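Engineer: One-letter residues, chain by chain:
There are 2 protein chains.
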Amino acid sequence: MDRVFVVGVGLTKIGRFYEKHAKDLFAEALWNAINDAGGVKPQGIVVGNMTSSVLMGQDSLGALLADHSGFRGVPAFKVEAACGSGGAALYAAYSLVKSGELDVVAAGGVEKLTEATTNTVTRALAQAADADYEVFYGATFTGLNAMIARLYMNLFGYSDEDLSYWPLKMHEYASYNPYAQLRGKVTLEQIVSSPLVADPIRLYHSAPIGDGAAVVLLVRGEERAREIAKNSGKEVLVELASVSLATDSVDLTSRNDLLTMDSTVKASREAIRKAGLEIKNIDYVELHDAFHITGYVSIEDLGFAPKGLAPKLYREGKFQKGDKPEINFSGGLKARGHPVGATGIYQAAEAVMQIRGDFPGYKASDPETALIHNIGGISTIAAVAVFKRVK
Amino acid sequence: MDRVFVVGVGLTKIGRFYEKHAKDLFAEALWNAINDAGGVKPQGIVVGNMTSSVLMGQDSLGALLADHSGFRGVPAFKVEAACGSGGAALYAAYSLVKSGELDVVAAGGVEKLTEATTNTVTRALAQAADADYEVFYGATFTGLNAMIARLYMNLFGYSDEDLSYWPLKMHEYASYNPYAQLRGKVTLEQIVSSPLVADPIRLYHSAPIGDGAAVVLLVRGEERAREIAKNSGKEVLVELASVSLATDSVDLTSRNDLLTMDSTVKASREAIRKAGLEIKNIDYVELHDAFHITGYVSIEDLGFAPKGLAPKLYREGKFQKGDKPEINFSGGLKARGHPVGATGIYQAAEAVMQIRGDFPGYKASDPETALIHNIGGISTIAAVAVFKRVK
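Residue numbers (numbering that gives the first Met the number 0), protein chains in the order written: chain A, 0 to 390; chain B, 0 to 390.
For the record, the hints were derived by calculation from the structure and aren't laboratory data. Here the structure is a predicted model, which is why all the values come from computation and not from measurement. Any given hint could be a false lead.
Mimicking DSS-like on lysine-lysine, the simulated pairs with C-alpha atoms at most 25 Å apart in a straight line are [what the hints assert, rightly or not]:
| id | chain 1 | residue 1 | chain 2 | residue 2 |
| --- | --- | --- | --- | --- |
| 1 | A | Lys12 | A | Lys362 |
| 2 | A | Lys273 | B | Lys40 |
| 3 | A | Lys279 | A | Lys229 |
| 4 | B | Lys273 | A | Lys40 |
| 5 | A | Lys40 | A | Lys229 |
| 6 | B | Lys279 | B | Lys317 |
Next comes chain A alone, as it looks inside the complex (with noise of 0.2 Å):
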């Protein structure tokens, strides 16, 4: 089979546009994608989204993207897997390219959410947990993840403060990220002063709501990716060496372990294994942190970190400038933001500009390999891809 190759990434600044359609953000992304690869142009469109048939009222939103973006014929769908559509999405662009169906695919995401108002986004969120066994009594998503942090807390001795340092760093990276929605830097008092939304989650171990899009060009074979990216300044070629999807159940009550997501294991150790990697060969990692738990469970289940230790060695340093693997430096979902169905291409374009070296935020430490990590609800679906540079 021949390899799958990004080409060219697009990306938007995350906040809140009132006055940008979402197809007038995802337009943005994908031509700043194809200015990236020096005018490729995609003959095929995967767009990840959430949110577009509650909050827009909007189906057959692949053909409205494509359309508004120049490209009325295409091929072109959404991939729905909650907060995961994004990865999910790569993979299906993935195959799309691997298969020989098309030569050029976008792989996108887009969501849009601040034109509702939050009590309408929370419970579209909610969506992402199982109408029936869980929403249906109440529960919010925020709620859910909530019982994952206090049982945690409680079973490794975590203080409120000790999870704090997630976001703090967050922050920090975000600071730096042209493209991050929260770009001012807090501190540690100020998290932990920050308002409860669910015990013990408070504002500031949340990620944000916020609109944006992304998107990255994938290009099938190495002759025709070395070509692009030569014409389009490029010193690097940068290969989408493995997507892995796996999922769990929906409801939390019938998962094995409520500390361990199954699908993150699964998906991570066979996407590491698909790229001819093993674990200790990631240089640097985008981690899917909805919250603060969301990030340090996330770091133990991609395996690196035993469990119960991600907040104890991120606290003294791990997972940092210099260490290997670094995690996190456009600041996370966090910090960046989270713009539901295209985080999980943010993090793909982060992981292919992290290996070029153009990432205009901060910079990892010239990382040669790249994984990253986007699931929908609470690893309901977990989508891992892992990045390399070709020599």
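Mind docking chain B on chain A? Use the hints.
Structural biologist: Chain B only, in chain A's frame:
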């Protein structure tokens, strides 16, 4: 590239199933397909669905269905392309198998419409139209199709009765189909005197609202497919020779021609070419007749009749038993039913069964090739697939 084969098909009857959740319907269809394939199980699931986010308040649908069907853990995601969601899911599943990522994939579709009020369902289905340019101004999906029907009737000089021969035949065909929603035969008199929904479209010109689920199991490689066919007692091997997707604008005002569905033209020509065939080689067709007018325009845009002539030819007996191609012996969306996101997969299963010779309804004349045509909106997205008997 390895070729892709359909080794199992599974359907539920279409109807109103108050006692069944969408996940129950899907599990039933999936296990029917597994049993049809002699026990071969999917390594991944792609599900077409339009309304789960709005009507069920449930995202992460892929994972939910995988878990409930007994396949917790496998890659699974939802594809949304309005009424073309099933066809788009088939496209995504086909590329997953063809790419070598997975060996056996369930391409499925499910829709659960009957637990909501008619008003709510009508609004949910209108999301196939443009939210800002059409629905905001009060357009319903039936209303938009009614304008096209009126234009067609005026331009080509057809009466209400002229167009009613399509539903007449569809109801007759469906009376033989055990999976069909509307199995009662109707008379021309009943059709032309049925209530107007949106002038000139009458109740009996329209597809019904129903619940249903369908699955086809795709396998890569002829050798593996032959082995499965043998083990499951099938005498005929069916290849999924091609799937093509094309898009158009969502809003009708920016179309080139209201009476030509450009994406249907594009996708069908491409699918037929990729399958190594010409239009004249197609023996059997299942096409997307959400309304009588959609059936006629589809016949024309697929290349089986000149523009404006489909109703005349159909009334004269063309496209019926013994002709080439034979069309919609399932009863079509009109009478088999239209469980939106599952419809494209029903068509795929019907095409496969007609080629195998084991369709339990009105039988085609031993077709060697079959084409299915599934659209979202008014061909905002068109998915066309071609199936072939392999000697």
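Engineer: Against each hint, give a clear statement of whether it holds in the structure.
Structural biologist: Hint check:
no.	hint	in the structure
1	Lys12/A / Lys362/A	18 Å, holds
2	Lys273/A / Lys40/B	22 Å, holds
3	Lys279/A / Lys229/A	31 Å, violated
4	Lys273/B / Lys40/A	22 Å, holds
5	Lys40/A / Lys229/A	16 Å, holds
6	Lys279/B / Lys317/B	14 Å, holds
Checked against the numbered hints listed earlier, the structure breaks hint 3 alone; every other hint is satisfied.
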